[in-house]
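The listed protein sequences derive, respectively, from chains A and B. Each residue of the first sequence is one higher than the one before, starting from 1 at the first, in this note's numbering. Each residue of the second sequence is one higher than the one before, starting from 1 at the first, in this note's numbering.
Hints are not guaranteed to be accurate.
Identical copies look the same in the list; a pair holds intra-copy or inter-copy alike.
As a list, the in silico EDC-like pairs of lysine to aspartate or glutamate whose alpha-carbon atoms are at most 16 angstroms apart [to be verified]:
id	residue 1	residue 2
1	K232	D61
2	K368	E308
3	K183	E415
4	K232	E58
5	K109	D157
6	K232	E263
7	K322	D361
8	K368	E323
9	K448	E83
Note that these hints are calculated values from the structure, not bench results.
2 protein chains.
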Amino acid sequence: MARNTQVTADHNAPPVTQTLATFVATHPSKGWSDAVDHEAHRTFMNWLGCAVGAAHHEAADAALAAVNMLQPAPQASVLGRREKVDMASAALLNGITSHTFDFDDTHLKTIIHPAGPVASAVLAMAEHLGHSGRELIDALVIGIDVSCRVGNAMYPDHYDRGWHITGSTGTLGAAAACARLLKLDVQQTAMALGIAASQPIGMREQFGTMTKPFHPGGAARAGLVSALLASKGFTASPKALEAPRGMMQTISTKNTWDEITDELGQRFEISFNSYKPFACGIVIHPSIDACAQLRKQGVTPDQIERIELKVHSLVLELTGKKEPQDGLQAKFSVYHGCAAGLTFGYAAEDEFSDAVVTRPDMVALRRKVVATVDDSIDEASADVTAVLLDGRRVHVFVEHAIGSLQNPMTDAQLEAKFQGLSDPVLSAGRTRELINACWGVGDAAHVKALVALAVPGHP
Amino acid sequence: MARNTQVTADHNAPPVTQTLATFVATHPSKGWSDAVDHEAHRTFMNWLGCAVGAAHHEAADAALAAVNMLQPAPQASVLGRREKVDMASAALLNGITSHTFDFDDTHLKTIIHPAGPVASAVLAMAEHLGHSGRELIDALVIGIDVSCRVGNAMYPDHYDRGWHITGSTGTLGAAAACARLLKLDVQQTAMALGIAASQPIGMREQFGTMTKPFHPGGAARAGLVSALLASKGFTASPKALEAPRGMMQTISTKNTWDEITDELGQRFEISFNSYKPFACGIVIHPSIDACAQLRKQGVTPDQIERIELKVHSLVLELTGKKEPQDGLQAKFSVYHGCAAGLTFGYAAEDEFSDAVVTRPDMVALRRKVVATVDDSIDEASADVTAVLLDGRRVHVFVEHAIGSLQNPMTDAQLEAKFQGLSDPVLSAGRTRELINACWGVGDAAHVKALVALAVPGHP
Numbered sequence: 001m002a003r004n005t006q007v008t009a010d011h012n013a014p015p016v017t018q019t020l021a022t023f024v025a026t027h028p029s030k031g032w033s034d035a036v037d038h039e040a041h042r043t044f045m046n047w048l049g050c051a052v053g054a055a056h057h058e059a060a061d062a063a064l065a066a067v068n069m070l071q072p073a074p075q076a077s078v079l080g081r082r083e084k085v086d087m088a089s090a091a092l093l094n095g096i097t098s099h100t101f102d103f104d105d106t107h108l109k110t111i112i113h114p115a116g117p118v119a120s121a122v123l124a125m126a127e128h129l130g131h132s133g134r135e136l137i138d139a140l141v142i143g144i145d146v147s148c149r150v151g152n153a154m155y156p157d158h159y160d161r162g163w164h165i166t167g168s169t170g171t172l173g174a175a176a177a178c179a180r181l182l183k184l185d186v187q188q189t190a191m192a193l194g195i196a197a198s199q200p201i202g203m204r205e206q207f208g209t210m211t212k213p214f215h216p217g218g219a220a221r222a223g224l225v226s227a228l229l230a231s232k233g234f235t236a237s238p239k240a241l242e243a244p245r246g247m248m249q250t251i252s253t254k255n256t257w258d259e260i261t262d263e264l265g266q267r268f269e270i271s272f273n274s275y276k277p278f279a280c281g282i283v284i285h286p287s288i289d290a291c292a293q294l295r296k297q298g299v300t301p302d303q304i305e306r307i308e309l310k311v312h313s314l315v316l317e318l319t320g321k322k323e324p325q326d327g328l329q330a331k332f333s334v335y336h337g338c339a340a341g342l343t344f345g346y347a348a349e350d351e352f353s354d355a356v357v358t359r360p361d362m363v364a365l366r367r368k369v370v371a372t373v374d375d376s377i378d379e380a381s382a383d384v385t386a387v388l389l390d391g392r393r394v395h396v397f398v399e400h401a402i403g404s405l406q407n408p409m410t411d412a413q414l415e416a417k418f419q420g421l422s423d424p425v426l427s428a429g430r431t432r433e434l435i436n437a438c439w440g441v442g443d444a445a446h447v448k449a450l451v452a453l454a455v456p457g458h459p
Numbered sequence: 001m002a003r004n005t006q007v008t009a010d011h012n013a014p015p016v017t018q019t020l021a022t023f024v025a026t027h028p029s030k031g032w033s034d035a036v037d038h039e040a041h042r043t044f045m046n047w048l049g050c051a052v053g054a055a056h057h058e059a060a061d062a063a064l065a066a067v068n069m070l071q072p073a074p075q076a077s078v079l080g081r082r083e084k085v086d087m088a089s090a091a092l093l094n095g096i097t098s099h100t101f102d103f104d105d106t107h108l109k110t111i112i113h114p115a116g117p118v119a120s121a122v123l124a125m126a127e128h129l130g131h132s133g134r135e136l137i138d139a140l141v142i143g144i145d146v147s148c149r150v151g152n153a154m155y156p157d158h159y160d161r162g163w164h165i166t167g168s169t170g171t172l173g174a175a176a177a178c179a180r181l182l183k184l185d186v187q188q189t190a191m192a193l194g195i196a197a198s199q200p201i202g203m204r205e206q207f208g209t210m211t212k213p214f215h216p217g218g219a220a221r222a223g224l225v226s227a228l229l230a231s232k233g234f235t236a237s238p239k240a241l242e243a244p245r246g247m248m249q250t251i252s253t254k255n256t257w258d259e260i261t262d263e264l265g266q267r268f269e270i271s272f273n274s275y276k277p278f279a280c281g282i283v284i285h286p287s288i289d290a291c292a293q294l295r296k297q298g299v300t301p302d303q304i305e306r307i308e309l310k311v312h313s314l315v316l317e318l319t320g321k322k323e324p325q326d327g328l329q330a331k332f333s334v335y336h337g338c339a340a341g342l343t344f345g346y347a348a349e350d351e352f353s354d355a356v357v358t359r360p361d362m363v364a365l366r367r368k369v370v371a372t373v374d375d376s377i378d379e380a381s382a383d384v385t386a387v388l389l390d391g392r393r394v395h396v397f398v399e400h401a402i403g404s405l406q407n408p409m410t411d412a413q414l415e416a417k418f419q420g421l422s423d424p425v426l427s428a429g430r431t432r433e434l435i436n437a438c439w440g441v442g443d444a445a446h447v448k449a450l451v452a453l454a455v456p457g458h459p
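Turn these sequences into a full structure, and let the hints guide you.
In structure tokens:
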């Protein structure tokens, strides 16, 4: 029996399951600053745009076809589509689409994409059960706080050993948010967290496949069902997170319990959420931003002799693909990022499509980018000089790219991103209405009107 | 970036995902001995009896109430009840009930309970999609081979660190079995295993709560849905099990790849499945068996002066509760085990009920058991002497208890166990029909007739 002991077991962990359950069940509605509440609306809108934008991706088609094998009841909407499915399946599907473009939000301290699991679960449940927009936003803030705090405690060990931290902590966030929506008491909320704690989802090996976006979707579904089970009296360990053979010690050797409890109810992790302006890996963002600023200064592709790019060595190591052959390869090409920034002023999902990547003018412009390594430049910065055919040199240095915590996307930029994703799916007019509904969701008597706008047709 | 490497990563793992997918998709129907096929029928019947027996447990009621919130389509039966739900939810619910009494099968090498995840998934799918009994048994043998082989590779490290290995390997077994039922090709089967690989379920901290039986149920559900997703073109990593950041290296530091590949298709892990005759921890079984043998020799409780019990120290360490106050405590009382063995000749779920445990004659008989430690006796053995009021001494030594691999339950004993579980739920007549249907399921044109017998009423 001596074998059955964990070498690293911590038998003195604080009762974080109970602490989190108390927070989830009892924290006052809108018990935070206006700034936090506004960030919650930004998080919600950004998540919704990503989900609508990928509504007809082949991953969504495949997942919906599988769900339809279960003949689901039409309880909740698949965003950006006309189909309705049961609320647990809607959580799954919207969680998948919201992460399909890898364009959703990022909690930079843990690289968790927090909205996918939490917002997908709460919107599906709120639509079916008739909750108000205030209840939705409350659940979103609280659910994201739970998943990111657990992430803070386990990061980086947990991520390094192979877990896709978005899915593994997301079940807890979704369970917390749905427990809040269902108005579970402290004890039942602890059970919901406990049931969810047995279902961490996601391995990093799946990156590059449809199973990556399955992770937030699966987490949303698992969390929602965990809350339903708890509401009906299903039991779990009240120490499911922190016990020696509970979730956290089983899946992480690093567990900084204070990260869960410090300033709980005072500091909200959603405050530190960030939004990607560009649909690619974050190290390319400063270069795209710099080239977009050149464009703003009047530089056009036909004027270009060459573009001199100076970046940290890591940027070329990760994204040094000079001649990308398709959209996926272009996501690892800082050269394509520069060409897109100068040509379009941004680089959303469309600018990483095969069609754009193989355009002759894009191929030609990429070849005019001359990249050199300069490790005195931070990984999060880029130094770009456009050398024009008339001999002029135009220089831009980006210290913090747009979308970073130091230089967040403005509300107007988030709206533009949303439009780029949603216009082709819902029409521009409908998209405008939906944006307005997002900004006002915290005051909406119910969320159904907003959801109706996120479904095509029926003008 | 140096941080983002796994210290123990094995970059030379063999392609076990692909190897298993090929086996699952291409192994011939009934491509094994009659003995293996018979063991599959025994495994199926034992699982079915456990599920029927716990059909009305409060865990089943709570889980069904939660599932009903999703308004499931009536595709497949909840065993032992009249309700029907969608096939994924049926997999969940039957997986929960089959493990609720902790009375189901055990693969002793890994202590996996293999049928729960696999049989629950395949029967639900086979009922809805109209598969034959042969397809069901094929899928059961193959699915259990996948989960137990992966378990062999990861055990004991994976279990020791906190995973409930039944649920964590069960998703793979269920996915394999459902992929087989759906006749997926090798590539799609690899995707099904890959999707499942991101969803290991179950922490040991949950033991003693309803979430323990949730683990095989959740694994059954997750595996079934993984196969559905793969059948519709959903993708995953084709190296999802073995890659450095794939499932196995993420959740276990021990991965003996040979355990997966050696004699694959020749040796079948279901051959090593065992069935509990008694509804309690395995260390009490030899003592119960010994007292049941005393009863068979004509010894009755009213003749008893005292019972001298000699066992290994571990037995008293784990199950030394002399005066259990209720059924749950009695499961940790070798004294109650002896009293039940002598009184009833066995100790199923009813003999561990509060009503039986508190009976005055049981209390009195327990107090007549005098236990002493003798570490020369194996943990799996028991030495019992009944000292009678007339002065006679009747001695029984059990080397291997009934239910062990060395002394397996006979078919007749499995039937008696099944009757004890099923008679109160389905009636004795119906139970007899169901037993016959179980023995013949491998030849049944479809499984629906058998399932109909496992639902109460409608004579």
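* Earlier hints that do not hold, by number -> 3 and 6
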